[in-house]
Amino acid sequence: MEYGQLKERERSGRVPSGCGVSGIMNRTGKVFSGDGILASICSMTERGNGLGSGYAGYGIYPEYADNWCFHIMYDERKARELVEEYIESRFEVVNEEPIPTRKVDALKYVPLLFRYFLNVKNGFAPESAAEEDYVIKTAMDINRNFKGACVFSSGKNMGIFKGVGNPGEIGEFYRIEDYKGYIWTAHNRFPTNTVGWWGGAHPFGILDWSVVHNGEISSYGINRRYLENAGYYCTFFTDTEVITYLFDLLGRKHKLDFELIGKILAAPFWSEIEREKDERNREFLKTLRIIYSSALINGPFAIIVANSTAMVGLNDRIKLRPLVAAEKGEFIYLASEESAIRLICENPDNVWMPDAGQPVIAKLKG
Amino acid sequence: MARAKSACEFVAERDESRCVKCQACVRVCANDVHSYDGDTGALFSDYSKCAGCHFCEDICPTGALTIRRNLSDTRENANWTKDYIYKIIRQSENGGVLLTGMGNDRPYRNYFEHIVLNASQVTNPSIDPLREPMELKTFIGRKPDRIEFSGAGKSGGHVLKQKIPPQIELESPIMFSAMSFGSISLNACKSLAKAACDFGVCWNTGEGGLHSELYPYSDRVIVQIASGRFGVNPDYLQRAAALEIKVGQGAKPGIGGHLPGEKVSEEISITRMIPAGTDALSPAPHHDIYSIEDLRQLIFALKEATGYVKPVGVKIAAVHNVAPIASGIVRAGADFITVDGIRGGTGAAPAAIRDNVGIPIELAVAAVDQRLREEGIRNQASLIAAGGFRTSADIVKAIALGADAVYIGTSALISLGCHVCQKCYTGKCNWGIATQDPYLTRRLNPEIGARRAYNLLRAWSLEIKEMLGGMGINAVESLRGNREQLRGVGLSELELKILGIKHAGESW
Amino acid sequence: MERKAKKIVIKENYCIGCRLCEVYCITQHSKSKDIIKTYKGKGPVPVSGICFEEKGSVSFAIQCRHCDDAPCVENCLTGAMYRDKETGRVLHNREKCVGCWMCVMLCPFGVIKIDRAEKKVVSKCDLCIDGAFPACVEHCPNEAICLVDEDGKKIEKT
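Residue numbers (our numbering), protein chains in the order written: chain A, 441 to 806; chain B, 74 to 581; chain C, 786 to 943.
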């Protein structure tokens with residue numbers, strides 16, 4: 441199949457995939473190189489088939505910490521011209537440059553890759569969600585309406601790097617080891633059919649949210665329609681996109697903490713809620729589940745979600761996919777396999793298997 | 074001219090080698106089909122009166138009786154079938170509107186039979202409901218956009234800032250449709266009411282009021298407020314779990330109801346609050362609802378009357394404009410909408426209306442759910458689908474198309490004995506369901522009826538769990554509106570578009 | 786103390802008047818215990834132990850109540866009418882019966898039937914002594930006839 445056809449297939453339909461995920465965070469915000477995450481994700485070779493991998497790093501652009509950073513991939517020059525014109529109409533461009541890459545022979549089709557550091561033109565009232573909504577709208581607009589262009593990262597002081605290749609190739613290509621961040625997440629993909637589109641690789645991100653995900657969501661159909669009811673339009677048709685928007689809706693818009701988001705996405709069973717002794721709490725949990733029933737993610741998943749203040753690991757409510765957590769000092773590790781943690785952290789203080797539906801929440805201190 | 078006999082639809086075949094002449098058939102047939110001749114000791118059957126209800130066949134202790142279709146036929150003709158010819162003959166004799174009972178029996182496309190379900194293979198494990206929890210709990214009522222609380226994070230837990238709007242809690246997304254005391258017997262009402270309470274779902278009074286013997290089941294009753302306002306009083310509203318304004322019914326959209334005076338017995342007269350022996354006439358429209366703003370007034374009048382602690386819903390027939398109408402109903406303040414499709418049942422309706430007016434529930438549910446989502450108000454009301462659910466799979470498909478729960482009427486009556494002979498309007502139901510005749514109503518022992526209706530709820534719920542588990546889903550809310558789990562077979566592009574599903578063979 | 790018998794209770798509200806109880810009673814007390822053979826075979830058709838009453842829409846089947854204090858047993862001259870110690874049932878021994886019909890006169894429910902030809906008592910309910918469960922109860926299509934234990938609790942056929 442030609443590249444274009446492969447790309448269309450992936451853009452217009454879901455591609456189920458098994459995966460490996462890994463994440464590292466320093467809770468004091470101290471930055472460290474991408475070496476570790478690269479080694480960790482590359483060790484789980486059985487969890488990918490070379491058809492997609494990617495990285496998300498937080499704190500990697502300290503010199504542009506206050507600017508929105510868009511990573512955009514283009515199929516062709518024409519798309520770039522149109523998109524840049526559109527961006528300039530909405531933002532003040534502080535800097536734009538190609539994303540630094542190395543030549544890697546194994547990567548056959550490489551799109552044009554650029555990054556933009558932006559300021560919104562007219563400014564919005566601080567604390568209002570308007571600026572974030574404006575940024576999301578821009579990114580969604582480009583992804584929906586500009587042929588051959590894809591915004592794959594749109595946060596501040598963070599970036600997503602991804603493509604079709606194995607994690608070693610993609611890491612080398614993007615020079616991951618050159619960046620320093622305080623949170624790193626990574627993904628190794630095992631799609632069930634041939635894919636060709638770089639935009640379909642993970643992590644998926646919007647604003648400073650990034651999600652890496654291992655699983656297949658059986659509730660996808662309703663999660664997506666629930667988000668549409670709330671004004672989010674899915675353009676990538678991936679499970680990860682849906683999870684990301686759910687975090688944005690629940691975390692940013694509804695201002696729920698990760699603990700509660702966990703109780704929505706991997707809701708406790710009714711029988712557990714009935715066992716809750718405190719009546720007020722029981723009523724609260726029941727109400728939470730009634731209101732957010734369509735946001736329940738059903739089916740197997742292990743996800744690592746990050747934003748600039750936290751990294752969270754979460755399993756589905758009957759734990760159908762592996763996820764291991766560990767800590768050592770200020771470092772928190774999450775991965776599909778324990779070996780992927782021990783490879784980069786020989787003697788963790790603590791290693792555990794998070795229970796079904798129980799989030800592991802690592803928050804930035806201070 | 075020779076007078077045509079009415080169509081002899083059935084033949085009750087008697088196997089003389091098995092018949093022991095116990096005469097049970099003679100005693101039980103309300104249509105007097107069978108008779109015994111004392112002089113000759115012979116049994117006769119007058120087939121022309123047979124409704125095809127199969128009661129005699131089921132009661133015969135030796136299996137000597139078989140009810141078959143009468144093969145006597147008119148000349149083969151694709152247009153002038155026997156059915157049409159005899160309808161005209163009947164009308165030439167009586168000059169009246171032809172009545173019928175139960176749901177539409179015309180062969181309109183049944184979309185449920187063109188939709189298939191998904192199951193997990195490899196990439197996603199299926200779940201065994203016998204070993205893992207599988208949740209069917211369903212809440213009917215208005216859901217706010219988001220939760221409001223205070224005190225998050227601390228050990229004291231969370232405190233809700235306000236209670237969410239009233240909900241009814243169902244153990245399974247299946248309820249019994251509105252069937253009034255009057256259209257069905259009190260024993261039939263009791264059977265369904267008890268089964269609903271035992272299983273933890275709801276039953277519905279229809280427009281016939283709430284008989285005092287049904288008070289023990291009133292905490293799980295949805296009471297109807299219909300155009301005739303029969304039996305509506307403060308006590309009726311206070312007792313209910315939820316209120317339903319009945320605007321229309323799938324079997325007869327745009328048509329009122331008529332319970333003839335001879336059926337308005339003492340008990341029905343008390344329950345409906347009308348004089349015994351007078352016709353109970355439900356006007357076609359509510360004469361205080363000529364517009365959506367009038368409906369809003371009634372919705373809020375009912376909420377005021379019940380202190381805003383019970384969901385108030387509106388039932389409409391599925392008609393062409395159902396999606397915008399439903400949207401208006403949600404905006405008018407309804408907590409749930411019931412949409413009754415073209416196959417919805419009735420105790421009596423003009424055959425011409427029943428067979429030709431309305432649209433199939435599959436398309437209506439899909440259109441309403443999609444419209445409410447596009448407008449961002451889907452969470453503001455629950456959607457209950459009604460009209461012709463024959464198996465648990467129909468229910469699963471309706472929920473995946475977007476319904477929160479379904480109402481079952483005909484299948485509930487079948488669990489009580491009904492064989493869908495469509496003669497409800499005659500009042501001679503041999504099974505003691507659609508009748509008020511004391512000879513006949515006693516045939517339905519509500520203890521047996523409740524047990525059987527409960528069994529149906531149980532069996533279907535188990536099957537729904539199996540199907541959910543196959544899809545890798547362990548809570549019904551993850552199926553609701555999840556059209557990715559459906560695929561069409563043999564449907565046109567437009568049909569697929571309206572249903573919002575892909576064709577079989579298309580992957581995610 | 787003698788055991789009290791299980792009892793058959795009737796729910797006249799749910800009797801549909803089909804009289805299948807009689808058909809099954811007769812069959813159960815026939816030689817073959819097969820309906821068709823019982824009715825169409827060569828031998829005489831037994832008399833049912835059930836009395837069927839009907840007026841207007843109300844009907845019911847009534848059979849021997851197996852009274853705790855049974856006048857038929859107390860007043861039987863020959864001991865033909867007796868109480869079975871083990872089960873508490875009131876039973877009838879045809880061999881001992883001389884046909885005085887005192888029991889028929891004294892039965893408060895009128896459920897003992899007479900054989901005028903042989904001048905004996907021919908039939909009364911024996912709670913289906915041969916079967917595990919009374920045939921009329923088992924086959925009543927509307928559960929209008931039920932079997933209850935000494936405390937009035939319903940007994941289901943197992």
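Be aware that a few hints might be false.
Derived lysine-lysine pairs resembling DSS-like cross-links, with alpha carbons at most 25 Å apart [unchecked claim]: (1) B:K122 x B:K94; (2) C:K840 x B:K336; (3) C:K789 x B:K94.
Some chain B residues near chain C, calculated using beta-carbon distances under 8 Å [to be verified]: (4) R91; (5) T135; (6) W153; (7) R516; (8) I521.
Simulated from the structure, these hints should not be mistaken for lab results. Computed from a predicted structure; not experimentally measured. Note that the Cβ used here is the ideal one computed from N, Cα and C, for glycine as well.
Hint by hint, here is what the structure shows:
no. : hint            : result
1   : B:K122 x B:K94  : holds (20 Å)
2   : C:K840 x B:K336 : holds (22 Å)
3   : C:K789 x B:K94  : violated (37 Å)
4   : R91             : holds (6 Å)
5   : T135            : holds (5 Å)
6   : W153            : violated (41 Å)
7   : R516            : holds (5 Å)
8   : I521            : holds (6 Å)
This entry does not satisfy hints 3 and 6, going by the numbered hints stated previously.
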